[in-house]
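Engineer: Taken in order, these protein sequences are the chains called A and B. Counting in this note's numbering, the first sequence runs from 1 upward without gaps. Counting in this note's numbering, the second sequence runs from 1 upward without gaps.
No lab work stands behind these hints: they were computed from the structure. Positions of the beta carbon are idealized from the N, C-alpha and C atoms, including for glycine. Check each hint, because a few of them may be wrong.
[As the list claims (entries may be wrong)] Not the full set, but computed from the structure, chain A residues with beta-carbon under 7 Å of chain B:
| id | residue |
| --- | --- |
| 1 | Pro-206 |
| 2 | Ile-241 |
| 3 | Lys-286 |
[Stated by the list, open to error] Below, computed lysine-lysine pairings styled on DSS-like, alpha-carbon distance capped at 30 Å:
| id | chain 1 | residue 1 | chain 2 | residue 2 |
| --- | --- | --- | --- | --- |
| 4 | B | Lys-22 | A | Lys-216 |
| 5 | B | Lys-184 | A | Lys-286 |
| 6 | B | Lys-184 | A | Lys-37 |
| 7 | A | Lys-131 | A | Lys-63 |
[As the list claims (entries may be wrong)] Derived coverage of chain A by chain B (criterion: at least 3 residues anywhere in the stretch with Cβ under 8 Å from a Cβ of chain B; other residues may be distant):
| id | stretch |
| --- | --- |
| 8 | 90 to 97 |
| 9 | 153 to 167 |
| 10 | 209 to 217 |
| 11 | 322 to 331 |
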Amino acid sequence: MTARDAMTSLERVLTTLGHSEPDRVPFFLLNNLHGAKEMGLEPREYFRDPDLVARGQLGLREKYRDDCLYSFFYAAIEMYPWGGEVNYSPDGPPTAAEPVIHRRNIPSLEVPDVESNPDLRRVLDATESMKKGIGDEAPIIGVVMSPFSLPVMQMGFAEYLSLIYEYPEEFWSLMRVNREFCVRWANAQLKAGATAICYFDPVSSPTIIPEELYGKTGLAIGKSTLGRIEGPTATHLASGIALPIMPRLPETGTAAVGVGDSEDLRSLKASSLGRISLLGNLNGIKMVNWDHRQAEEAVVEAIDAAAAGGGFILSDNHGELPLQVPEDAMMAISEAVHEHGRYGIAPGEGKDG
Amino acid sequence: MDDIVAAFRETLLSVDGIGAEKLALQNVDPKHPFSFVERVMVPVLEEIGVGWERGTYSLAHVYMSSRICERIADTILPPADAGTRGGPKTAIAVLNDHHLLGKKIVYSALRAGGFEVLDYGQCSVEEVLAGCERDDLEVLLISVLLYPSALETARVVEGLADSGRGTRVVVGGAPFRLDPDLYKRVGADDVGYSAFDALRIMRDIEGGGRS
Ligand code: B12
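The shape of chain A in the complex, shown without the other chains (with noise of 0.2 Å):
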């Protein structure tokens, strides 16, 4: 905490869920990939080692300022437990190799264990380490893919659809084993000291399903899964649109959703008002581009649109930066956030605040 912040960062962030106004806005740098890039490392070697990654989190932050610690690795670790391979490269994020489950197999799946998983392991180990380093001063973010956007890295995208409409049976069975699976997953993250879990769900968003089919499916599962992780979760549509699920996301029980800017953020604060939080919106991928004023200008932008009366963490539309955005650009976000984020200050945001 320097003189002039007046809560810590997770004091700062509690009190934005609770909507209400805290210090000054909170915000998330979400730059896993770029504690490898700090150490001169490529990701399959940082991401290797639990402790480069708790070093990387905590650098990162002292570095940029920002109001969380993010344990996430990559979303492929969660394809070992089921027998699946990850492919590595040196410039961006490691992805899934083959699909491993086929709709035949469904039936048979058993739900892997997570603790003895030397994979799943290597994220818990590094929370570990986050929490000693960070204690009570920030919150740590861990993330879980959720039960129903899972299956497109298990089985390939096209065939998951075709078995959403066309096999509801095995679609049912898959959905109940990865339930189980997230569930064991996102608790024990909890056990190892993340704060909070970021469920990633974009195969909700009405980007990828209709809305009519996500009160039968993806809104089912939510509430299902999310009732039972021991703690708060956000749900993150990796910058699928939410507006048109935003009047049911809430009864999942998510605190708080990922939100983009393919979408207009009064909008959607006006329809999330005082019953979710915001989390979002600034393009990851502009963002490589952007020189101090862009970046300046976007923080502004969504701070205006957004902040008034709490419930809103300024942070990007995906959940993760691409490795390829500069220091000069993240740098830019949080000397503009510490600026123009004070509560009751900066113009057009709660001056009764």
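Fit chain B with the ligand to the supplied structure of chain A, relying on the hints for placement.
Structural biologist: Frame of chain A; chain B with the ligand shown alone:
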């Protein structure tokens, strides 16, 4: 005709494959089966594709309806691509990423629109360049999922420039949708935001829009 289009749209949006096929069989003119494709199927698919870009329809609508239409086309059209118009020598590739759905949808849309397209599947930069050389392509369509792969298309463009081949490069996929200037930065000739953009662009090229 408008009634048929509306009814066909309804069956596709409710993912009613059997209903859609029945409607097609009732309304197709056996002597000119391609006219059903052109006057009903393609416009409806196009409307759904454009609706996806605007946020009114979902990707599941786009994919499931393109699948249903592909099946219908197989039933009503004569075999051996007698209905295709050929068009410029074209291939489609997924660069690096293990993400085949975008490509699959674009491929189906182009086929439904009568274009013949070679499918390279998932490739590295080198494999794509080798394919362009081997097949003497006029148009190369590239689909990506991740930002680093989008940046890699610049190497494809450079490789093609070095070879002196005038192959036109058209790109698409999430990173290009999220940053509409990105295609220029990687040196591509054009960008499409949905599968039906691909069809529009191909029609433009065929109609003489080739630079
Ligand atoms: C659903 C989703 C997921 C799901 C499934 C992803 C998958 N397919 O494997 C999950 C939750 C698993 C996921 C995980 C990840 N994701 Co994701 N995800 C998405 C989301 C919301 C949709 C992607 C998708 O599959 N769409 C459906 C396909 C069919 O659409 P499409 O490829 O765009 O194709 C359409 C058009 O673009 C067009 N088109 C496509 N190709 C072409 C070609 C031509 C020539 C033309 C004309 C048109 C055209 O036509 C198609 C149909 O209309 C996007 C964000 C978004 N708004 O799009 C992020 C996104 C793709 N994800 C992204 C990332 C980074 C990831 C991860 C790497 C994160 C991580 N660090 O682990 C992982 C990788 C997963 C893996 N496979 O290993 C980034 C990629 C860009 C980047 N930053 O590098 C995106 C763009 C998010 C963002 N805003 O940054 N993700």
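Engineer: If a hint holds in the structure, say so; if it does not, say that too.
Structural biologist: Each hint, compared with the structure:
1. Pro-206: With Cβ-Cβ at 6 Å, under 7 Å, it holds.
2. Ile-241: holds (5 Å)
3. Lys-286: Holds. Min distance 5 Å.
4. B:Lys-22 <-> A:Lys-216: holds (28 Å)
5. B:Lys-184 <-> A:Lys-286: OK: Lys-184 (chain B) and Lys-286 (chain A) at ~13 Å, within 30 Å.
6. B:Lys-184 <-> A:Lys-37: holds (27 Å)
7. A:Lys-131 <-> A:Lys-63: Answer holds: Lys-131 (chain A) to Lys-63 (chain A) is near 18 Å, not above 30 Å.
8. 90 to 97: Our answer is that it holds, as 6 residues pass the Cβ test (under 8 Å) against chain B, meeting three.
9. 153 to 167: It holds: at least three residues are needed, and the stretch 153 to 167 of chain A offers 7 whose Cβ sits within less than 8 Å of chain B.
10. 209 to 217: holds (count 4)
11. 322 to 331: Coverage by chain B holds for the stretch 322 to 331 of chain A (3 residues, Cβ < 8 Å).
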